[in-house]
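**Q** Residues per chain are reported as follows:
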Amino acid sequence: MSYAPSPAALARIEKTMALYPEKLAAILPVLRVVQAEAGFISRDAEAWVAARLAVEPVRVREVLSFYTLFRRAPGGRATLQICRNISCALAGAEDILRFISEKLGIEPGETTPDGAITLVTAECLGHCDHAPCLQVDGVDHGPVTRETVAAIIEELKAHG
Amino acid sequence: MVESEVRLLPDDDRSWRLEAYLRRNGYQAARRALTTMSPEAVVAEVCKAQLRGRGGAGFPAGTKWSFVPKDAAGPKYLCVNADEGEPGTFKDRLVLLRAPHALLEGMLIAAYGAGLRTAYVYVRAEYAGLAARLDEAIAEARAAGFLGGRVFGTGFGLEVVVHLGAGAYICGEETALLESLEGRRGQPRLKPPFPATVGLFGAPTVINNVETLAAVPQILARGADWFLGRGLPGDGGTRLFGVSGAVRRPGVYELPVGTPLRTLIEVHAGGAPDGRRVKAVIPGGLSAPVLLPDEIDFPLDVASLARAGSMLGSAGVVVIPDGTSMLDVLRLTARFYAHESCGKCTPCRIGTSWILKTVDRLRRDGGGPADLDHILRLADGIRGRTLCPFGEGAALPIRALILKFRGELEQAAAR
Chain X
1 MSYAPSPAAL ARIEKTMALY PEKLAAILPV LRVVQAEAGF ISRDAEAWVA
51 ARLAVEPVRV REVLSFYTLF RRAPGGRATL QICRNISCAL AGAEDILRFI
101 SEKLGIEPGE TTPDGAITLV TAECLGHCDH APCLQVDGVD HGPVTRETVA
151 AIIEELKAHG
Chain A
161 MVESEVRLLP DDDRSWRLEA YLRRNGYQAA RRALTTMSPE AVVAEVCKAQ
211 LRGRGGAGFP AGTKWSFVPK DAAGPKYLCV NADEGEPGTF KDRLVLLRAP
261 HALLEGMLIA AYGAGLRTAY VYVRAEYAGL AARLDEAIAE ARAAGFLGGR
311 VFGTGFGLEV VVHLGAGAYI CGEETALLES LEGRRGQPRL KPPFPATVGL
361 FGAPTVINNV ETLAAVPQIL ARGADWFLGR GLPGDGGTRL FGVSGAVRRP
411 GVYELPVGTP LRTLIEVHAG GAPDGRRVKA VIPGGLSAPV LLPDEIDFPL
461 DVASLARAGS MLGSAGVVVI PDGTSMLDVL RLTARFYAHE SCGKCTPCRI
511 GTSWILKTVD RLRRDGGGPA DLDHILRLAD GIRGRTLCPF GEGAALPIRA
561 LILKFRGELE QAAAR
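Which chain is which? The protein sequence lines are X and A, in order. According to the numbering used here, the first sequence is numbered sequentially starting from 1. According to the numbering used here, the second sequence is numbered sequentially starting from 161.
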């Protein structure tokens with residue numbers, strides 16, 4: 001199955017490519033647009049991006065495998081990023097992580113069987129004065145407790 | 161406004177728009193610089209103000225600008241490092257949230273001084289929401305004629321592009337940031353050549369931290385002497401100190417450079433909560449070697465923290481309370497550097513992962529005190545053998561944790 005972005009995504013890709021003097025420089029924003037639409041970067045999408053940026057496919061693969069934001073397989077409809085670095089750890093992040101992991105029945109890096117939520121750990125989200133903190137699809141929450149986390153999960157399951 | 165009350169950050173999250181910034185005399189400094197001063201005079205003023213980089217390395221900003229060759233043909237770039245990722249650091253977040261126009265005005269002044277016409281702001285992926293706000297601020301500034309072509313009716317113009325990262329701590333290192341911005345893995349470059357001569361797309365490039373640039377308008381508005389007078393000789397101005405961990409009032413505090421670390425923790429952040437005591441303090445983000453409670457009577461400036469055997473770094477202070485397992489802190493520190501090492505330099509790639517494995521052996525059966533010596537040897541094996549400061553940043557805090565908490569770590573390992 002070959003990959004093609006929607007006309008809207010293609011327009012965004014062309015707009016972002018115009019911001020750089022070299023095509024390859026647009027790779028992070030282009031991959032971001034692809035992932036936002038498709039949910040992950042498939043092998044076909046990789047090939048498409050490589051062709052669009054006029055580089056060898058390995059250039060795309062080496063970037064994909066370096067940066068943690070990109071996914072090469074489908075994930076959940078929502079992504080829960082749990083910060084576990086120093087300030088959050090001091091505020092009980094490991095307990096929060098275990099609680100979420102048990103509640104969802106998955107380990108970090110996994111997706112719930114219903115495809116609702118992907119759970120990942122994060123190093124410092126830069127919200128240390130609101131520790132322990134987490135991000136849901138880019139939106140910051142903190143300080144969180146078992147109760148507030150449970151409410152966030154219920155909300156995601158109900159509306160995801 | 162009382163001089164001592166001049167603030168980079170407004171008190172709330174709602175005063176970030178252009179209209180509010182203009183009420184705080186926003187863009188007056190840039191107007192003065194662009195319409196009445198030569199680029200050389202702007203750079204000289206910032207040099208005189210002793211504005212040290214707020215990102216971690218502490219290099220004087222004006223000096224950095226002066227390294228850009230004036231007669232070089234072709235484009236020159238300004239890169240703004242908004243890849244705030246040093247654990248325990250959250251000050252640039254507040255600049256982007258509350259004072260994006262102070263950053264843009266500082267960028268305009270820096271670009272004018274160093275002769276740069278295009279700027280890329282590299283924002284960490286986790287700050288995508290803040291990047292969207294910055295985009296809005298850029299649109300406001302463009303509409304008002306503060307960005308784009310012919311700013312203030314002069315021949316000078318600046319285009320600003322916001323570029324989102326994709327999750328990699330190392331991209332906060334300036335040459336890794338350039339590699340990432342060019343579309344490759346964020347792996348640092350060999351220096352020299354330095355970015356000021358060969359930087360982004362091979363062109364002369366200035367890379368400054370968000371807070372550093374946001375402080376620049378104050379210097380042009382009130383003069384280098386005023387700015388220098390707020391801080392210390394050789395390290396001017398106020399800084400944004402982040403405090404997190406075991407304090408009553410975690411947050412960002414805008415205080416003069418040279419404020420005592422103890423005052424920041426005990427007075428401004430309220431000290432340890434009831435019933436808790438301070439066990440250790442990390443003064444400048446996770447890479448800064450840990451201090452004991454009787455080692456915090458130092459002024460917060462680049463030179464003093466270096467003399468204390470640590471570093472001011474990104475000025476993210478983390479207060480560790482009693483009851484914390486330092487073996488857990490060691491594990492977390494080792495995990496972070498093993499995970500974030502970019503893999504380019506062998507001593508760092510292998511060293512950080514071996515350190516993590518050894519810490520894990522300590523935590524399980526079979527580990528013992530000799531493992532602590534092994535970790536120290538591994539840390540020393542990284543130091544001085546890497547292209548970028550990440551290696552030191554990994555080795556030094558691990559070394560300090562072992563040297564200062566050896567007894568506790570040995571006991572924990574024996575259990």
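Calculated directly from the structure, the hints in this document are not laboratory data. Beta carbons are placed, not taken as given, at the ideal position from N, Cα and C, and that holds for glycine. Some hints could be false.
To be verified - Coverage of chain A stretches by chain X, computed from C-beta distances (three or more under 8 Å per stretch; other residues unrestricted):
hint: 1; region: 236–248
hint: 2; region: 327–335
hint: 3; region: 343–351
hint: 4; region: 389–401
hint: 5; region: 410–417
hint: 6; region: 478–487
hint: 7; region: 491–500
To be verified - Using 30 Å as the maximum straight-line C-alpha spacing, the simulated DSS-like pairs for lysine-lysine come out as follows:
hint: 8; chain 1: X; residue 1: Lys-157; chain 2: X; residue 2: Lys-103
hint: 9; chain 1: A; residue 1: Lys-351; chain 2: X; residue 2: Lys-23
hint: 10; chain 1: A; residue 1: Lys-230; chain 2: A; residue 2: Lys-351
hint: 11; chain 1: A; residue 1: Lys-351; chain 2: A; residue 2: Lys-504
hint: 12; chain 1: A; residue 1: Lys-351; chain 2: A; residue 2: Lys-439
hint: 13; chain 1: A; residue 1: Lys-504; chain 2: X; residue 2: Lys-23
hint: 14; chain 1: A; residue 1: Lys-504; chain 2: A; residue 2: Lys-517
hint: 15; chain 1: A; residue 1: Lys-230; chain 2: X; residue 2: Lys-23
hint: 16; chain 1: A; residue 1: Lys-504; chain 2: A; residue 2: Lys-439
**Q** Within the assertion that chain X covers the region 343–351 of chain A, do at least three residues meet a Cβ-to-Cβ distance smaller than 8 Å?
**A** holds (count 4)
**Q** Count the residues of the region 327–335 of chain A whose Cβ falls closer than 8 Å to any Cβ of chain X, and tell me whether that reaches three.
**A** holds (count 3)
**Q** Given the hinted pair Lys-230 of chain A and Lys-23 of chain X, is their alpha-carbon gap at most 30 Å?
**A** 27 Å, holds
**Q** According to a criterion of three or more residues whose C-beta lies within less than 8 Å of a C-beta of chain X, is the region 491–500 of chain A covered?
**A** Holds, because 5 residues of the region 491–500 of chain A bring their Cβ atoms closer than 8 Å to Cβ atoms of chain X.
**Q** For the pair supplied as a hint, Lys-504 of chain A and Lys-439 of chain A, is the alpha-carbon distance within the 30 Å limit?
**A** 36 Å, violated
**Q** Mind checking the alpha carbons of Lys-504 of chain A and Lys-23 of chain X for me, to see if they're no more than 30 Å apart?
**A** 24 Å, holds
**Q** Lys-230 of chain A and Lys-351 of chain A: Cα distance at most 30 Å?
**A** This hinted pair holds, its Cα atoms lying about 21 Å apart.
**Q** Mind taking a look at whether chain X covers the region 478–487 of chain A? Criterion is 3 or more residues with CB to CB distance under 8 Å.
**A** holds (count 4)
**Q** Against the 30 Å threshold, does the CA-CA distance of Lys-351 of chain A and Lys-504 of chain A hold or violate the hint?
**A** Distance of about 14 Å is within 30 Å: holds.
**Q** How does the region 236–248 of chain A fare against chain X when you require at least three residues with a CB closer than 8 Å, holds or violated?
**A** holds (count 5)
**Q** Count residues of the region 410–417 of chain A with a Cβ under 8 Å from any Cβ of chain X, then say if the count reaches three.
**A** holds (count 3)
**Q** Are at least 3 residues of the region 389–401 of chain A within less than 8 Å of chain X when you compare beta carbons?
**A** violated (count 0)
Consistency with the previously given hints fails for numbers 4, 12, 16, ordered from lowest to highest.
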